[in-house]
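Asker: The listed protein sequences derive, respectively, from chains A and B.
The first sequence begins at 25 in this note's numbering and counts up by one.
The second sequence begins at 25 in this note's numbering and counts up by one.
Simulated from the structure, these hints should not be mistaken for laboratory data.
Check each hint, because a few of them may be wrong.
What the hints assert, rightly or not - Here are the computed lysine-lysine pairs in the DSSO-like style, where the Cα-Cα straight-line distance is at most 27 Å: (1) B/Lys-61 x A/Lys-80; (2) B/Lys-80 x A/Lys-62; (3) B/Lys-61 x B/Lys-43; (4) B/Lys-62 x A/Lys-82; (5) A/Lys-43 x A/Lys-82; (6) B/Lys-61 x A/Lys-82; (7) B/Lys-61 x A/Lys-43; (8) A/Lys-61 x B/Lys-43; (9) A/Lys-80 x A/Lys-128; (10) A/Lys-61 x B/Lys-80; (11) B/Lys-220 x A/Lys-61; (12) B/Lys-43 x A/Lys-80; (13) B/Lys-43 x B/Lys-62; (14) A/Lys-43 x B/Lys-80; (15) A/Lys-82 x B/Lys-82; (16) A/Lys-43 x B/Lys-220; (17) A/Lys-62 x B/Lys-62; (18) B/Lys-82 x A/Lys-62; (19) A/Lys-43 x B/Lys-62; (20) A/Lys-62 x B/Lys-43; (21) A/Lys-62 x A/Lys-43; (22) A/Lys-43 x B/Lys-43; (23) B/Lys-80 x B/Lys-43; (24) B/Lys-62 x A/Lys-80.
There are 2 protein chains.
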Amino acid sequence: MPTATIGPELQRLIDLLAKMPGLGPRSAKRAALYLLKKREPVMRPLAFALDDAANKVKACSVCGNWDSIDPCAVCADSDRDQNVLCVVEDVSALWALERAGAHKGRYQVLGGLLSPLDGVGPDDLNIGALVARAKEEAVTEVVLALAATVDGQTTAHYLSEHLVGVGVSVTRLSQGVPVGGELDYLDEGTLAAAMKTRRAF
Amino acid sequence: MPTATIGPELQRLIDLLAKMPGLGPRSAKRAALYLLKKREPVMRPLAFALDDAANKVKACSVCGNWDSIDPCAVCADSDRDQNVLCVVEDVSALWALERAGAHKGRYQVLGGLLSPLDGVGPDDLNIGALVARAKEEAVTEVVLALAATVDGQTTAHYLSEHLVGVGVSVTRLSQGVPVGGELDYLDEGTLAAAMKTRRAF
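So here's chain A without its partners, still in its complex pose (with noise of 0.2 Å):
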């Protein structure tokens, strides 16, 4: 297209757009047209939202949960079971679980898996924080919530080395999880059905 046509304003939300995973540069353009058309009930108040969460959204000090206060609305509610401890590769992953309603305790986001291909060492992952907690919280329980990938695994086994001799059970989600998928794509049933029949690791 000549740039002619779009001007440089508009060009540039159109590539910012682009990045976003699930537009491309078409559905871009049409998302573009169509915040135009909606400028004050959607497009203004979405460039406050992006700006404002931006400033306030931030990783919970506790858990590594994304919230806008710290500890995050997970870790602070006493309703929830204390001495099971999930741990999760990345925020998706948790609001996977709390959409199918999985898990009643907490949580530990990893914030990625161990990958020797990719550089990712044990250094990069928030596990002496898992440790950390293992220990000294009221744990009994630590259930490895993680993909069903030979990253996944990869780091399962690793973890669960680091908590044997920490006392607490260790599981995983039981195999229900069809091997090679991510838990952010996984149906809630499932979910929900590999995380009642976990078993010890």
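Put chain B on the given structure of chain A with help from the hints.
Answerer: Relative to the frame of chain A, chain B by itself:
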């Protein structure tokens, strides 16, 4: 999902993202997490670009295209053919024709199509501006580049009747087999039209 898990700032951002075409509730969550990971390179610039475009991008007072200058870059381009005026439903159709390099003249954006069922009448479209431009300027041909739908063809007929006395030739896009199209996948109406308007090889 329990409201406790996702804070209000984040939830509002997700709700607004989910309103965009191409993003549903789940992909909006994924987009929000992506943006939080890319605060400085994408999230804050996107907030600024939305606000900036909402302030600066306006409908061209001549043709209805969206641009930050008025008249828009297409209308202001003296190299474009002043004799051929192309009528499109909306700005996305204008961009599609520009992407194809299919039209070297200027445009008139109608702002919709006549649709009695949806309550869209002639007064809701920029028909007065179109007829005035067809009369006043050096226009010799008006191309009705409208969708091959019932509403599109109804609108084309209506416009052609109002352009009869103006002294311009009124044309429309030809109908037929799309480039790269398999006959087997085409609907009967398109095939019949393509056969009826067949040309010498």
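Asker: Confirm or reject each hint.
Answerer: Here is how each hint holds up against the structure:
Taken as a hint, the B/Lys-61 and A/Lys-80 pair is honoured in the structure, with Cα atoms around 13 Å apart against an allowance of 27 Å. About 14 Å separates the Cα atoms of B/Lys-80 and A/Lys-62, which keeps this hinted pair within 27 Å; it holds. Proposed proximity of B/Lys-61 and B/Lys-43 is supported: the alpha carbons are some 21 Å apart, at most 27 Å. Taking the CA atoms of B/Lys-62 and A/Lys-82, the gap is near 13 Å; set against the 27 Å cutoff, the hint holds.
At most 27 Å may separate the alpha-carbon atoms for a hinted pair to count; A/Lys-43 and A/Lys-82 meet this at roughly 22 Å. Under the criterion of a C-alpha separation no larger than 27 Å, the hint pairing B/Lys-61 with A/Lys-82 is consistent with the structure, at around 10 Å. With a C-alpha separation of about 13 Å, the suggested pairing of B/Lys-61 with A/Lys-43 holds against the 27 Å cut-off. A C-alpha spacing of about 13 Å is found between A/Lys-61 and B/Lys-43, which places the hinted pair at or below 27 Å, so the restraint holds.
For a cut-off of 27 Å, the pair hint linking A/Lys-80 to A/Lys-128 stands: about 26 Å separates their Cα positions. A threshold of 27 Å between alpha carbons decides the hint, and for A/Lys-61 with B/Lys-80 the separation of about 13 Å falls inside it, so the pair holds. In summary, the hint linking B/Lys-220 to A/Lys-61 is not supported, as the alpha carbons are separated by about 40 Å, beyond the 27 Å threshold. Between B/Lys-43 and A/Lys-80 the CA atoms are separated by roughly 22 Å; this keeps the pair inside 27 Å, and the hint holds.
With a C-alpha separation of about 21 Å, the suggested pair B/Lys-43 and B/Lys-62 falls inside the 27 Å cut-off, and the hint holds. For the hint pairing A/Lys-43 with B/Lys-80, the CA-to-CA distance comes to about 22 Å; that is within 27 Å, so the pair holds. Among the hinted pairs, A/Lys-82 with B/Lys-82 is inconsistent with the structure: their alpha-carbon atoms are about 36 Å apart, more than 27 Å. The suggested pairing of A/Lys-43 with B/Lys-220 is violated, with an alpha-carbon distance near 45 Å, which exceeds 27 Å.
Using a Cα cut-off of 27 Å, the hinted pair A/Lys-62 and B/Lys-62 holds, with the two alpha carbons roughly 25 Å apart. Note on B/Lys-82 and A/Lys-62: the hinted pairing holds, with a Cα-Cα distance of about 13 Å set against a maximum of 27 Å. In summary, the hint linking A/Lys-43 to B/Lys-62 is supported, as the alpha carbons are separated by about 10 Å, within the 27 Å threshold. Taking the CA atoms of A/Lys-62 and B/Lys-43, the gap is near 10 Å; set against the 27 Å cutoff, the hint holds.
The straight-line distance between the Cα atoms of A/Lys-62 and A/Lys-43 is roughly 21 Å, inside the 27 Å bound, and the hint therefore holds. The straight-line distance between the Cα atoms of A/Lys-43 and B/Lys-43 is roughly 17 Å, inside the 27 Å bound, and the hint therefore holds. For the proposed pair B/Lys-80 and B/Lys-43, the alpha carbon gap of about 22 Å is at most 27 Å, so the pair holds. Note on B/Lys-62 and A/Lys-80: the hinted pairing holds, with a Cα-Cα distance of about 14 Å set against a maximum of 27 Å.
In this structure, the hints that do not hold are numbers 11, 15 and 16, in rising order.
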